[in-house]
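K.L.:
With this note's numbering applied, the sequence shown corresponds to residues 1211 to 1523, in that order.
These are computed hints drawn from the structure, not numbers from a lab. Some clues are possibly wrong.
Listed next, with one range per pair, are the computed distances between beta-carbon atoms [said to hold, decoys possible]:
hint, residue 1, residue 2, range
1, G1320, E1501, 43 to 51 Å
2, Q1264, K1396, 31 to 39 Å
3, G1411, A1453, 24 to 32 Å
4, G1310, A1453, 20 to 28 Å
5, A1400, D1466, 13 to 21 Å
6, A1314, V1294, 19 to 27 Å
A quick note: this is a predicted structure, and the numbers were derived from the prediction, not measured. Even for Gly, the Cβ is constructed at its ideal location relative to N, Cα and C.
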Amino acid sequence: MNPAPFTPGRPLAAVVDLGTNAARLAMASLGPSGELVPQGRWRELIRLGQGVAQTGVLSREAMERGLATLRRFAALIEEHEVDVFDAVATSALREAANRGEFLARAREAGILLRVIPADEEARLALAGVWTSLSPPPPKAVVFDIGGGSLEVSVAEGGRPLESASIGAGVVYLTERHLRAIPTPSKQVEACAQAVREMLSGVSAAPPAGETLPLIGCGGVVALAGFIGAGTTGRINGRRLGLAEVEGWIPRFAGLDFAARRVLPGFETGREDVALAGLIVAREVLRWAGREAFRVSTGGVREGRLRELLLGRT
């Protein structure tokens, strides 16, 4: 787990975000101007959705990894005497036929999970993105790369005007297309072609004649920011250019896992899925006709934390 320093603050809200690749717990309070004040963050790479695209079910190993993490999160929530709490699950549990068993066991572990639909996931991610950027743009195209899906939205004031969810998640793309390490160019192109085909059916694009900023969020987007900056320091709001992302893809494809792990700014545990994330980011840039995007470290957790602290159900 990767804890951030804990600072007391009341009322204290907590959100668990259980994704296809990672499980996250965030705690926050509200500052004097209504801003989110982070009080603690934890993240574990659990690969809950491993194999779901092929089998349609959560594997026993993946369930045990997820449940062990949820037990640790439940203990942290109790330890910090959280005032208000929610737990959401996204693509892997939306797709898994045996999600009922996992939800029941999660409840026994102390976490009551809600499986949220793709449109709610997009809405919460947008709210989190707007919370993270200072100043936020009045209007933007936002993409959220997850382990099991890619959400693309046109948003104004942090609220979606139009959204779409497609199956271009990095875990699923890696399992289907990027099986060899190092990864040959033929597999890279097959992955890119699959993403292009999925994006071709997305209608959530800026209106004709309107040039909107492009913002990316999600764990692999943040990782791309860290790799580009060569640091694990602050990357929220950093600009990542198309040429930069394009340059990283063949370089990254040519590295084995050990070489990927020692790259400056790299987060261990994402060495297999990071290449898919770079490919998706490049294809979104091309689809949107943009030369760059801004990185946001906000997402579902921050969006839901803000709702809880403002008394919204």
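K.L.:
Confirm or reject each hint.
P.N.:
Here is what the structure says about each hint:
no.: 1; hint: G1320 x E1501: 43 to 51 Å; result: 47 Å, holds
no.: 2; hint: Q1264 x K1396: 31 to 39 Å; result: 21 Å, violated
no.: 3; hint: G1411 x A1453: 24 to 32 Å; result: 27 Å, holds
no.: 4; hint: G1310 x A1453: 20 to 28 Å; result: 47 Å, violated
no.: 5; hint: A1400 x D1466: 13 to 21 Å; result: 20 Å, holds
no.: 6; hint: A1314 x V1294: 19 to 27 Å; result: 24 Å, holds
The structure fails to meet hints 2 and 4 from the earlier list, while all remaining hints are met.
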